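Construct the complete structure from the given sequences, taking the supplied hints into account.
If you're matching them up, the sequences are chains A and B in order.
Sequential numbering from 2 applies to the first sequence in this note's numbering.
Sequential numbering from 2 applies to the second sequence in this note's numbering.
Bear in mind the hints are in silico, worked out from the structure with no lab data behind them.
Among the hints, a few may not be true.
Identical chains share a label here; the pair holds if one copy fits it or two copies do between them.
[Claimed, not checked] Derived PhoX-like pairs: lysine-lysine, alpha-carbon spacing no greater than 20 Å straight-line:
hint, residue 1, residue 2
1, K133, K59
2, K43, K148
3, K59, K43
4, K26, K117
5, K59, K138
6, K181, K59
7, K26, K110
8, K158, K181
9, K102, K138
Note that the structure is a prediction, hence the values are computed from the model and not measured.
2 protein chains.
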Amino acid sequence: MDRITISHGSGGKAMHSLIDSLFMKELGNSILRRKSDSAVVKVGSEEIAFTTDSYVVKPIIFPGGDIGSLAVHGTVNDLSVCGARPLYLSLGLVIEEGLDKKTLTRIIKSINAAAKIAGVLIVTGDTKVVEKGSCDKIFINTSGIGKVYYSGLSTDKIRPQDVVIVSGSLGEHAIAVLSKREGISFGTNVKSDSSSLNGMIAGALKVSQNIRLMRDPTRGGLGTTLNEIVSSGRFGIALEEKDIPVSEGVREACELLGFDSLYLACEGRAVFIAAPQDAGKVLKALRRDRLGEGSRVIGRITSDHKGKVYMRTTSGGLRLVDMLSGEQLPRIC
Amino acid sequence: MDRITISHGSGGKAMHSLIDSLFMKELGNSILRRKSDSAVVKVGSEEIAFTTDSYVVKPIIFPGGDIGSLAVHGTVNDLSVCGARPLYLSLGLVIEEGLDKKTLTRIIKSINAAAKIAGVLIVTGDTKVVEKGSCDKIFINTSGIGKVYYSGLSTDKIRPQDVVIVSGSLGEHAIAVLSKREGISFGTNVKSDSSSLNGMIAGALKVSQNIRLMRDPTRGGLGTTLNEIVSSGRFGIALEEKDIPVSEGVREACELLGFDSLYLACEGRAVFIAAPQDAGKVLKALRRDRLGEGSRVIGRITSDHKGKVYMRTTSGGLRLVDMLSGEQLPRIC
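Right under this line is the structure:
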C-alpha cells in the first residue's frame, strides 16, 4: 500500500498501523507513545494536559450540532478523560473561498456557545483561506490545554474484576451525521450526542479515587476504544450485550444500513474503567448529570483472553469484538 | 461582502476586519484581544504561551523546506517571540486520499528533524483523511506550548526613540514558494528563510532587559506587522529604506513580478523593538547566531505621525507604509 486511503483516517486498524509504522517510528517519544487522548506534560511545576483534533465532518451542520460545537466538545472531552480541567482552546480555521459569511457566523456563534457551557476560553487562533475546490467548506482544528487534577489514570492501574462503564447510548453522533449527509431519515429521529463532558466527569472523579482510566469512544467507536485499552495484553474485557445502551433510532439505522453500533462514533460519551467496589457510587454520580443519565456497567476486566474483547451476546453466544478494520463511516468528525 | 474571499486569509486588512467583526465580537476575551502571536495564560502557578497555526502552503515542498519543517518553525517562532521557551507541539494532519506515502514520510521526517533542531517534542497528534478533491494534498496544524521566561513584552512598553530591528533580509520564504509554484526561476536562486528562531531570540533576550516587543513578520510581511504594532495609536514608526535588508534574488523577483518586499512573508525572521541604549548589544547577540547574521536597525519609534508607519525612501522621499490590502500571495504558509 503506497498511498493514503480513507481507512487510514478511520480510527481503526489501518490508522493504528500508520501511526505505529510512521508517526511513532519517526516522532516517538515517551509522551507520544502513551497514545492517550491528551498528552500529560510538565511545564515548570504544573502538570498540564495538551491535545489536538482536526474536524472535517460532512455535512458541517447536522442534527444536534455543527462542526463548531463539535470542535469544542471533542477537545474538551479529550482533556477531561485525562483527568484535566479544560481551560484554554486554540482555534485554527481552514476555509474554502466562497463560504458564505452567514454559515461562518453560525459556526463561530456555536463555538462561543459551546465554549461558554464548557467554561473554556478561546485564547488564540489562526485563519487560512484556500481556493475553491482546495478544501471542503471549512476544516477546524481545536487544540486545548487543561490542568490535571486527577492523576495516575493509566492502563497500568487496571485489574481483573474492574468494571467497564459507559455514560450513555452508542452511536448517535455517527447516525445523525450520516442521516443528514445521505438524506436518510429513520422512524425515530436521531440527534448527535455531541457535548462537553467535563462537568459529568468531574462529578464522577469527585466520588471515587479508584477510577483507573477514562476514554471517549469517538472514531472507531466503543469496540475500537476497548481494543486499545486491552492492547497491553495484560488483561481482557468481557462485555454483556444486553447491558450496552443503544437507542431505538440507532438500532433501526444499524439494521437498515448494516452497521454495528459498537463501531459507531460518539462525541458525548465516556468509558470508565473503575474498581468494582466503586461502581455504585460512580454510576450514581454520573447519572446525576443529565449527560450521564444513561450510564451503565457494560462489562468487566478479565484475567483470561488477555488482549481481547469478548461479548456475551443476547442470544447467549460469545463474540470476539475486534478493532474496526477499514472505514465504516468517513468524515464523521 | 457576504462570502469569504482569498484576501480574508491574507494577513492584511480584510483578515483584520474579519477578525474584529466576527471572531473578536463573538469569542473575544481579554487574552484573545491581545492578538499576540501566542496567548500567554496562567495554568496554576505557571505562565504559559499557547499558539496555533494551520499550514496550507502550496506547493508542499519548496526550496529551503517543506510544509512539515514550516509547520514546526512557524509555531516555534510564535512561541519564541512571546518570550517563551517552546516545549511541546501538537500535530494535526488533514490528508487527501491518494497522497503517496513517500511524500508523507518525507514530511514527517522533516517535522522530526525540525523539532530536534528546535528542541521541542511532538507530544500529541491527530490524523484525518478526506476524499480526493476535498483538500489539497495535506494541511498541517501545529499548536504549541512553551514556558514564558521573559515577561512584560507588550506594545505598552514601547517609547519614542526605541529602535526597530529586523533579524535578516525580507521575503525569501514567499519568493521561494512562489518561484516553485509558478515554475519561475530568478538569476539568483532564492531559498526560503524558514527556520526556528528560539535559539537566536534567547541569545538576544539574555543580553537585554529592555526588549519591548518581538514579532515574526509572516503573512502580510514586515509592513503589516509594523502596522499592527502602531495600531494602538500611541506612537508611529519611521523606517529607513536604505537599511532594510533585501537580497538580490528577492529584489529581482519583486521587480519582475511587481511585488513589494515589505509585504512578503518571512518564516525565519523576527522584528524587535528595543530601548535605544540596548541596540548595540542586541544586534551583537543576534549576529552571533547564524540565523541573525543579517540583523539591522531599520527604523525608530516616533512620537509624531502616531498610528502610522512611514519610510524614508532611498531617493529621499517619505512614503506611507500601509497595511497590506488584498491578497498579495495566497497559500504562502
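Legend entry - Homo-oligomer pair classification [K110, K26; C-alpha up to 20 Å]: Answer is between: at 10 Å across copies they meet the 20 Å cutoff, but 40 Å inside does not.
Inset, instruction - Give the relationship of K26 and K117 under a CA distance limit of 20 Å: within one copy only, between copies only, both, or neither. - result: So K26 and K117 pass the 20 Å test across copies only (14 Å; inside, 39 Å).
Inset, instruction - First find the shortest C-alpha distance between K43 and K148 inside one copy, then the shortest across copies, and answer within, between, both or neither for a cut-off of 20 Å. - result: So K43 and K148 pass the 20 Å test inside a copy (10 Å) and across (10 Å) alike.
Inset, instruction - Measure nothing new, just compare the shortest in-copy and cross-copy C-alpha distances for K158 and K181 to 20 Å and report within, between, both or neither. - result: neither (41 Å within a copy, 53 Å between copies)
Legend entry - Within, between, both or neither, where K59 and K43 count as close if Cα-Cα is 20 Å or less: Answer is neither: 36 Å inside a copy and 36 Å across each miss the 20 Å cutoff.
Inset, instruction - At 20 Å max between alpha carbons, let me know whether K102 reaches K138 within a copy, between copies, both or neither. - result: within (11 Å within a copy, 26 Å between copies)
Inset, instruction - Check K133 against K59 for me: Cα-Cα at most 20 Å, and say if that holds within a copy, between copies, both or neither. - result: Both: 17 Å inside a copy, 14 Å across copies.
Inset, instruction - Could you place K181 and K59 in one of the four classes (within, between, both, neither) given a Cα distance threshold of 20 Å? - result: Within one copy, since 9 Å is at most 20 Å while 33 Å is not.
Inset, instruction - Since the copies are identical, ignore which copy is meant and state whether K59 and K138 lie within 20 Å (CA to CA) inside a copy, between copies, both or neither. - result: both (9 Å within a copy, 18 Å between copies)
When the structure is compared with the earlier hints, violations turn up for hints 3, 8 and for no others.
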